[in-house]
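Q: Below, each chain spelled out in residue letters.
Protein chains: 2
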Amino acid sequence: MRVAAQAEFAKRGFAGASVDKIAAAAHVNKAMIYYHFSSKAALYREILRDMFQAVGRRARAVAESNEPPADKIGLFIEAIAAEADARPHFPPIWLREVAEGGTHLDATVLRDITGVVQSLAAIIDEGVRRGRFTRVNPVLIHVSIVAPLMIHFGSRGLRERLERHGLRGAGTTPPALIEHLRRVALGLLEGRT
Amino acid sequence: MRVAAQAEFAKRGFAGASVDKIAAAAHVNKAMIYYHFSSKAALYREILRDMFQAVGRRARAVAESNEPPADKIGLFIEAIAAEADARPHFPPIWLREVAEGGTHLDATVLRDITGVVQSLAAIIDEGVRRGRFTRVNPVLIHVSIVAPLMIHFGSRGLRERLERHGLRGAGTTPPALIEHLRRVALGLLEGRT
DNA sequence: GTCTATAAATAGATAGAC
DNA sequence: GTCTATCTATTTATAGAC
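Note that the protein sequences, when read in sequence, are chains A and B. Numbers in the numbering used here are just positions in the first sequence, counted from 1, shifted up by 24. Numbers in the numbering used here are just positions in the second sequence, counted from 1, shifted up by 24.
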């Protein structure tokens, strides 16, 4: 039921998602959905909470681990990528919420999102204190990591479409992207640029 | 009428957009929309074509200009940013289409999107031939530039929401982002990393 | 070209039997 | 907990007068 809802919201967005379709895909009666959740919006909110809570926790775990700052940067990138890979609905929903101005995000979710940025900022701060990093605006590092990851993992359908229409493959694999982003982030933070 | 439609599609997505609302915002009768466009989908398609054609042309103009490759990279970034800044509906619609797998993009639009990537690839190629750049996967450079730009310019509403909920400002201005992306791209291409 | 009125389908949500 | 049936609102789209 939740899985069906996640897929439907990812595929069509909140407005486009149909409770009838969710019920059909989950092989349950539509009335059952309203028995468990008070409304379509409430169901969506629960999915958003699960999603961002999981990401927030993972980012926090990386920031609080005992690795050197440079390794933490790599682990941060891998954590977001792993989350995007394991939950295919996550990147599309994330992209749609950005586009919509976060209309459906409640205070809990906004805290989790803030937490991700703060976790990254804490890693950078630690690196600066230890003399490993030069100070760079964490928001810029964040957007340079998270935006490509979300776009990449959220654009599977579009990339297939483009390739079917003749864009030469140039297939970028997740490991190659992760390695690329690590190079970008560390290149900036370790001042090799 | 087109402007109202662009705003509505950007705000609510294709499924969420209402022809009634577009008509009201444009101060025209709803029947007039169906007089000029055969359907809601056709209206949306025209907006998508305008949008991607404009971006494709700008990217192509940069690639075909007579600047040194390193300057072209900067101009490419500025061109996408200028387009995103001048057309506020562009980034949200772009993000939504990515999330939706490009369902509404016809062959014309797919060609324009391909063209943007190819323009960037041509710039990189030129730099490599002239011994200025090391060879890097153009798709990786592309996603490192375009994803942050679309996310940044498309997330104005979300960022306002986050700041209202207490995320410390760290306001990133468009010029700072552009300079940052130039450093990222040239750092990779000029092999300083 | 511009309008009113309305058709036809689908949406979210609920009442009430079991 | 689970189902059928249904209410109400909204949607895209069109017919037809002017």
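Don't read these hints as lab results, they were simulated from the structure. Careful, some of the hints might be misleading.
Each pair may be met inside one copy or between any two copies, as identical chains are not told apart.
[What the hints assert, rightly or not] List time: in silico DMTMM-like cross-link candidates among lysine to aspartate or glutamate, alpha-carbon distance up to 25 Å:
| hint | residue 1 | residue 2 |
| --- | --- | --- |
| 1 | Lys45 | Asp74 |
| 2 | Lys64 | Asp44 |
| 3 | Lys35 | Asp130 |
| 4 | Lys35 | Glu187 |
| 5 | Lys35 | Glu70 |
| 6 | Lys35 | Glu91 |
| 7 | Lys45 | Asp149 |
| 8 | Lys64 | Glu150 |
| 9 | Lys64 | Asp95 |
| 10 | Lys35 | Asp149 |
| 11 | Lys45 | Glu214 |
| 12 | Lys64 | Glu214 |
| 13 | Lys54 | Asp109 |
Owing to the predicted nature of the structure, the values given are computational and were not obtained by experimental measurement.
Q: A separate judgement is required for each hint: does it hold in the structure or not?
A: A quick look at each hint next to the structure:
1. Lys45 / Asp74: within (21 Å within a copy, 33 Å between copies)
2. Lys64 / Asp44: both (11 Å within a copy, 23 Å between copies)
3. Lys35 / Asp130: Intra 22 Å, inter 18 Å, cutoff 25 Å: intra and inter.
4. Lys35 / Glu187: within (20 Å within a copy, 29 Å between copies)
5. Lys35 / Glu70: Both, since 17 Å and 22 Å are each at most 25 Å.
6. Lys35 / Glu91: Answer is neither; intra-copy 38 Å and inter-copy 42 Å both fail.
7. Lys45 / Asp149: Answer is neither: 47 Å inside a copy and 47 Å across each miss the 25 Å cutoff.
8. Lys64 / Glu150: neither (43 Å within a copy, 52 Å between copies)
9. Lys64 / Asp95: neither (41 Å within a copy, 50 Å between copies)
10. Lys35 / Asp149: Close neither inside one copy (38 Å) nor across copies (36 Å); limit 25 Å.
11. Lys45 / Glu214: neither (50 Å within a copy, 51 Å between copies)
12. Lys64 / Glu214: Close neither inside one copy (47 Å) nor across copies (51 Å); limit 25 Å.
13. Lys54 / Asp109: neither (30 Å within a copy, 43 Å between copies)
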